[in-house]
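Asks: Below, each chain spelled out in residue letters.
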Amino acid sequence: MSWTSREAPKKSPYAQQVETEMLATLEPLGRGGRLWIAALLAVCGFALFAYITQLVNGLRVTGMRDYVSWGLYMTNFVFFIGISHAGTLISAILRVTHAEWRRPITRMAEAITVFALIVGASMIIIDMGRPDRLLNVIVHGRLSSPILWDVCSIMTYLTGSFIYLYVAMIPDMPMLVRAAEKRGRPRWLVQLYQALALGYKGTPAQERFLNRALGAMAVIIIPVAVSVHTVVSWIFGMTVRPGWHSTIFGPYFVIGAIFSGTAALITAMALFRRAYHLERYLTDDHFRKLATLLVALTLLYTYFTLSEYLTTWYGGLATEARLINLLMGASPYGAAFWFWAVTGLFIPLGLLIMPSKRSLGAIITASVLINIGMWLKRFLILVPTLETPYVPAQAAGVTPGYTPTWVEWAITAGGFAAFMLLYTLFSRLFPIVSIWETAEDAGTTEKVPAAPPRGRFARPTFVPIRALLLAAGLGALAIGGATRVHAQAAGPGDARVALTKEVRDDEAQLVATVTADGRPLKGARISFSVKRMFSPMTLGEEVTGSDGRASVPFPSTLPGGAKGELAVLAEIVSPDRLAGMRGEAITAGARTVRGEPTSAGPPRALWSSRAPVGVIAAISFLLAVVWSTYVFVVRQLVLIKRDGEEKRISYVR
Amino acid sequence: MTMGRREFVRAGLLATGAAATGLAARNGAEPAGDGKNPSGEGPPETVALTPDGQLVAVREAKPAPAPREDWTEIRRGIPGRKWVMVFDLAKCDGCGACVEACSKGHFTPADREWIRLYKMQDSPELAPYWFPKPCFHCDNPPCCKVCPVGATFKRDDGIVLVDNTRCIGCRFCMAACPYSSRVFNWTRPTNPTGPGHVATGPGTGLPRRIGTTEKCDLCESRLRESQLPHCVAVCDMNAVYIGDEHEDAVTNAAGETVQFSKLLRDRAGYRHLEDLGTHPRVFYLPPVGRRYAAPGEPGAETGDVNAHAGRKP
Numbered sequence: 001m002s003w004t005s006r007e008a009p010k011k012s013p014y015a016q017q018v019e020t021e022m023l024a025t026l027e028p029l030g031r032g033g034r035l036w037i038a039a040l041l042a043v044c045g046f047a048l049f050a051y052i053t054q055l056v057n058g059l060r061v062t063g064m065r066d067y068v069s070w071g072l073y074m075t076n077f078v079f080f081i082g083i084s085h086a087g088t089l090i091s092a093i094l095r096v097t098h099a100e101w102r103r104p105i106t107r108m109a110e111a112i113t114v115f116a117l118i119v120g121a122s123m124i125i126i127d128m129g130r131p132d133r134l135l136n137v138i139v140h141g142r143l144s145s146p147i148l149w150d151v152c153s154i155m156t157y158l159t160g161s162f163i164y165l166y167v168a169m170i171p172d173m174p175m176l177v178r179a180a181e182k183r184g185r186p187r188w189l190v191q192l193y194q195a196l197a198l199g200y201k202g203t204p205a206q207e208r209f210l211n212r213a214l215g216a217m218a219v220i221i222i223p224v225a226v227s228v229h230t231v232v233s234w235i236f237g238m239t240v241r242p243g244w245h246s247t248i249f250g251p252y253f254v255i256g257a258i259f260s261g262t263a264a265l266i267t268a269m270a271l272f273r274r275a276y277h278l279e280r281y282l283t284d285d286h287f288r289k290l291a292t293l294l295v296a297l298t299l300l301y302t303y304f305t306l307s308e309y310l311t312t313w314y315g316g317l318a319t320e321a322r323l324i325n326l327l328m329g330a331s332p333y334g335a336a337f338w339f340w341a342v343t344g345l346f347i348p349l350g351l352l353i354m355p356s357k358r359s360l361g362a363i364i365t366a367s368v369l370i371n372i373g374m375w376l377k378r379f380l381i382l383v384p385t386l387e388t389p390y391v392p393a394q395a396a397g398v399t400p401g402y403t404p405t406w407v408e409w410a411i412t413a414g415g416f417a418a419f420m421l422l423y424t425l426f427s428r429l430f431p432i433v434s435i436w437e438t439a440e441d442a443g444t445t446e447k448v449p450a451a452p453p454r455g456r457f458a459r460p461t462f463v464p465i466r467a468l469l470l471a472a473g474l475g476a477l478a479i480g481g482a483t484r485v486h487a488q489a490a491g492p493g494d495a496r497v498a499l500t501k502e503v504r505d506d507e508a509q510l511v512a513t514v515t516a517d518g519r520p521l522k523g524a525r526i527s528f529s530v531k532r533m534f535s536p537m538t539l540g541e542e543v544t545g546s547d548g549r550a551s552v553p554f555p556s557t558l559p560g561g562a563k564g565e566l567a568v569l570a571e572i573v574s575p576d577r578l579a580g581m582r583g584e585a586i587t588a589g590a591r592t593v594r595g596e597p598t599s600a601g602p603p604r605a606l607w608s609s610r611a612p613v614g615v616i617a618a619i620s621f622l623l624a625v626v627w628s629t630y631v632f633v634v635r636q637l638v639l640i641k642r643d644g645e646e647k648r649i650s651y652v653r
Numbered sequence: 001m002t003m004g005r006r007e008f009v010r011a012g013l014l015a016t017g018a019a020a021t022g023l024a025a026r027n028g029a030e031p032a033g034d035g036k037n038p039s040g041e042g043p044p045e046t047v048a049l050t051p052d053g054q055l056v057a058v059r060e061a062k063p064a065p066a067p068r069e070d071w072t073e074i075r076r077g078i079p080g081r082k083w084v085m086v087f088d089l090a091k092c093d094g095c096g097a098c099v100e101a102c103s104k105g106h107f108t109p110a111d112r113e114w115i116r117l118y119k120m121q122d123s124p125e126l127a128p129y130w131f132p133k134p135c136f137h138c139d140n141p142p143c144c145k146v147c148p149v150g151a152t153f154k155r156d157d158g159i160v161l162v163d164n165t166r167c168i169g170c171r172f173c174m175a176a177c178p179y180s181s182r183v184f185n186w187t188r189p190t191n192p193t194g195p196g197h198v199a200t201g202p203g204t205g206l207p208r209r210i211g212t213t214e215k216c217d218l219c220e221s222r223l224r225e226s227q228l229p230h231c232v233a234v235c236d237m238n239a240v241y242i243g244d245e246h247e248d249a250v251t252n253a254a255g256e257t258v259q260f261s262k263l264l265r266d267r268a269g270y271r272h273l274e275d276l277g278t279h280p281r282v283f284y285l286p287p288v289g290r291r292y293a294a295p296g297e298p299g300a301e302t303g304d305v306n307a308h309a310g311r312k313p
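Protein chains in written order, with this note's numbering: chain A, 1 to 653; chain B, 1 to 313.
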């Protein structure tokens with residue numbers, strides 16, 4: 001029916017063999033395979049039930065609480081993002097360096113990347129208290145938040161990995177179409193293969209476009225992958241918490257990711273080799289070569305671990321010492337840490353260090369141990385730090401702790417099952433060893449609104465008072481006098497307190513003049529104060545002299561209103577019959593602090609709603625470089641399809 | 001001089017209720033008449049005030065759906081203010097009244113106080129002291145830095161608030177806060193009910209929402225009414241002060257207003273963990289010449305102050 005099925009390109013016997021054997025892996029599953037998928041589905045189903053329980057009841061059903069507010073989900077997130085590095089490393093780095101032995105394992109590696117990323121990103125959504133508000137991250141996203149950096153880089157990585165995985169599958173697609181048609185597979189499957197084939201038939205032009213696309217992707221995906229695990233580490237590194245706020249966290253996590261990714265790839269290779277009998281392609285030599293890499297990575301990760309914890313321990317800062325005690329001392333975490341150090345670093349090292357002793361069994365054992373260990377290590381990076389906050393919780397009578405619940409364990413198991421399920425299904429639809437590549441091998445601050453109070457969030461009543469003060473102060477200034485009597489209180493027997501500001505011998509003073517029955521009152525105790533929001537602030541007390549006057553130095557250093565106006569009070573303390581009588585005045589000459597509010601909006605700062613220009617520029621630049629490369633690659637795919645269509649027309653003619 | 005708290009709250013409820021009944025207005029509300037249902041059937045009508053000042057009749061039996069909260073105004077802060085708080089550790093006797101009053105005022109569950117009382121002793125040789133700790137409302141807030149959606153934000157008046165209608169519950173702010181000041185709604189919260197008694201809406205922390213963070217809001221809705229925050233007002237020791245930095249004055253429960261800068265200078269005021277660079281707006285006066293028994297000393301308050309905050313008679 002289609003041109004591809006009629007194509008019969010000449011092939012070497014080896015290529016023919018690869019094609020036949022790999023297409024055979026796509027045959028319908030036997031009983032064991034179906035049981036495997038059923039088991040994985042069952043685990044995923046149980047995890048779904050656990051997640052629904054969590055959605056209904058809230059995160060209370062987890063073991064997380066206010067101190068240890070992140071737990072297994074976050075551990076899984078970091079772990080899966082970590083093993084996603086398997087794909088990039090093996091495929092891209094080896095492709096860029098033309099390491100020919102990579103060919104049979106590239107697709108297996110790239111698929112790990114895609115599925116691990118999907119599961120890892122889901123873990124973050126599962127961890128959210130309000131997954132229904134996920135879109136807020138786009139609608140209200142703040143570029144200063146490391147979470148936004150993660151969203152950007154993980155989405156970029158996921159897109160790139162998809163493209164990369166797919167581009168490298170295109171030349172296999174025509175073979176899949178032929179095989180599916182021949183074996184009478186469902187029609188949708190044939191159509192799927194056909195659509196994905198893009199009319200590829202290996203013309204020189206198509207090969208050129210394909211190699212261009214693969215070359216560009218292989219180069220760009222490496223920095224993207226490095227950035228992903230760097231910003232994952234920065235979720236922790238950008239906080240100031242002991243154990244997290246470390247300058248080596250970026251590289252430490254990147255090395256850890258490649259380390260666990262390589263181990264995951266070896267484990268996957270071992271499983272596929274056994275399940276699909278791929279001994280011919282996944283040779284012992286492949287395992288040994290990867291084992292050499294794994295030794296180097298084990299040593300590197302040991303070195304980074306030593307650097308991180310030795311400096312922390314030696315420095316001995318109080319908060320960090322508390323963490324080190326918990327993490328490595330006599331506690332369950334200490335037991336887990338040393339268990340990891342022995343089984344996750346030293347035993348694998350012992351198994352792999354001597355090239356002559358690297359049996360296949362040893363390599364696979366080491367890889368599995370490393371995978372378990374790295375999951376544990378992620379947990380140990382997270383939880384003990386959350387248990388040792390700066391202000392010790394114990395001093396408030398709280399003992400922070402964390403015991404994961406069945407919900408968290410079920411969802412964790414579900415995450416692993418989902419990963420294996422996706423991986424298995426992928427290997428059912430597409431050959432897990434790249435046929436063509438393997439075959440080739442043989443060859444604001446707003447202005448204060450003047451409007452009246454609106455709704456229930458009316459401006460409080462002290463605002464009008466301030467406006468009054470301001471107006472009075474401005475009036476005082478307009479008259480030009482530094483002094484103005486604002487109010488006089490009349491008391492029993494026509495007593496009055498007049499309050500003025502006077503300048504004598506270059507010294508400003510607040511002067512209260514008390515008169516009773518028209519005559520100056522001697523011996524009255526006057527308390528001077530300044531009006532403040534909640535209550536008056538006392539300046540001092542003085543007794544009136546024979547002229548009825550008492551004074552205190554004018555508080556010229558106190559902040560006043562926008563124009564330096566200050567509301568002052570003088571109150572009679574004694575004699576008792578006049579106590580409580582006041583004189584008030586608005587005086588000028590105080591410090592101006594407040595000034596007029598600016599309408600410039602909030603400042604540019606990391607904490608502000610307006611991100612620093614540098615942050616915006618850096619993120620925009622990086623995203624632009626990567627995404628324009630993706631556009632270039634997609635353009636090559638369009639060219640492949642166009643070329644295929646041209647050839648098809650000429651063929652039909 | 002000011003609207004009483006009750007009236008304020010009630011007016012507010014009426015206004016928000018009415019705002020919510022934009023729907024109700026479409027739904028048969030009309031200018032207030034004699035209070036009877038003009039159609040003669042169905043429930044009687046009541047009068048509500050719309051935000052633009054009109055009185056409309058609303059069917060009583062149709063409770064308005066929860067209003068869509070508008071946080072624009074609340075994000076700006078109280079105009080012209082810059083709040084500061086001072087705790088005088090020499091006066092604090094560890095009674096826990098602040099914890100109790102705060103929890104009561106904000107309806108916080110027992111294990112999730114917004115202010116906590118710590119029995120501190122930095123090392124065995126050093127003096128023990130009581131350490132009440134609310135949110136520090138930092139000027140360089142680590143929580144606001146990391147929030148992916150701007151649900152927690154810093155206002156011009158210095159207060160750091162949480163918009164629980166926007167929070168996605170990632171808990172990054174909790175991990176980033178070096179002072180453990182934030183708590184989370186792990187479960188479906190029980191919100192206080194009864195109209196007229198409780199202010200709800202932006203800035204009040206109420207209603208609580210499942211899967212969101214919350215923390216001390218410096219009693220922003222009380223400050224708007226020129227009232228002292230719960231923890232300040234309740235302190236019999238007069239150990240807690242609040243004020244406006246622009247006025248260089250802070251006030252305690254006794255109504256004593258003192259010069260903020262002078263208080264810090266004379267009493268060697270400090271901020272907790274100053275070297276973290278977070279610039280808290282909450283200051284402490286060291287427990288020099290302490291007037292009350294420190295934690296562990298004879299006569300000191302005992303028991304779990306954070307859980308029940310029992311006061312001595």
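If you're looking for bench data, these hints aren't it; they were derived computationally from the structure. Just to be clear, a hint being listed does not mean it is correct.
[What the hints assert, rightly or not] In silico SDA-like pairs for lysine to any residue, Cα to Cα no more than 25 Å straight-line:
(1) A:K531 - B:R265
(2) B:K82 - A:V593
(3) A:K531 - B:K104
(4) A:K531 - B:G299
(5) B:K82 - A:G58
(6) A:K531 - A:R549
(7) A:K357 - A:L278
(8) B:K262 - A:K201
(9) B:K104 - B:M237
(10) B:K262 - A:L278
(11) B:K82 - A:A611
(12) A:K563 - B:A233
(13) B:K262 - A:L345
(14) B:K91 - A:A396
(15) A:K357 - A:L345
(16) B:K104 - A:V593
(17) A:K201 - A:Q17
(18) A:K531 - B:V258
[Stated by the list, open to error] Stretches of chain A that chain B covers, calculated by requiring three or more beta carbons in the stretch to come under 8 Å of a beta carbon on chain B:
(19) 39-53
(20) 67-80
(21) 87-100
(22) 535-541
(23) 607-618
Here a beta-carbon is modelled for each residue, glycine too, at the ideal position from N, C-alpha and C.
Asks: A separate judgement is required for each hint: does it hold in the structure or not?
Replies: Okay, the hints, checked on the actual structure:
1. A:K531 - B:R265: holds, 22 Å
2. B:K82 - A:V593: It holds: about 11 Å lies between the C-alpha atoms, which stays within 25 Å.
3. A:K531 - B:K104: At roughly 31 Å apart (the allowed maximum being 25 Å), B:K104 and A:K531 break the hint.
4. A:K531 - B:G299: violated, 39 Å
5. B:K82 - A:G58: Distance of about 37 Å is beyond 25 Å: violated.
6. A:K531 - A:R549: holds, 21 Å
7. A:K357 - A:L278: The hint holds at about 23 Å.
8. B:K262 - A:K201: violated, 84 Å
9. B:K104 - B:M237: holds, 19 Å
10. B:K262 - A:L278: Roughly 81 Å between the alpha carbons, so the hint for B:K262 and A:L278 is violated.
11. B:K82 - A:A611: holds, 23 Å
12. A:K563 - B:A233: Given pair A:K563, B:A233 is violated - Cα atoms ~32 Å apart, limit 25 Å.
13. B:K262 - A:L345: Between B:K262 and A:L345 the Cα gap is close to 59 Å, so the pair fails against 25 Å, i.e. violated.
14. B:K91 - A:A396: holds, 19 Å
15. A:K357 - A:L345: Holds - the C-alpha atoms of A:L345 and A:K357 are around 17 Å apart, at most 25 Å.
16. B:K104 - A:V593: violated, 36 Å
17. A:K201 - A:Q17: Holds. A:K201 to A:Q17 sits at ~19 Å (cutoff 25 Å).
18. A:K531 - B:V258: holds, 11 Å
19. 39-53: This one is violated; 0 residues, fewer than the three required, reach chain B with a Cβ under 8 Å.
20. 67-80: holds (count 3)
21. 87-100: violated (count 0)
22. 535-541: The restraint on the region 535-541 of chain A holds, since 4 of its residues have a Cβ under 8 Å from chain B and three suffice.
23. 607-618: holds (count 3)
When each numbered hint is compared with the structure, violations occur for hints 3, 4, 5, 8, 10, 12, 13, 16, 19 and 21.
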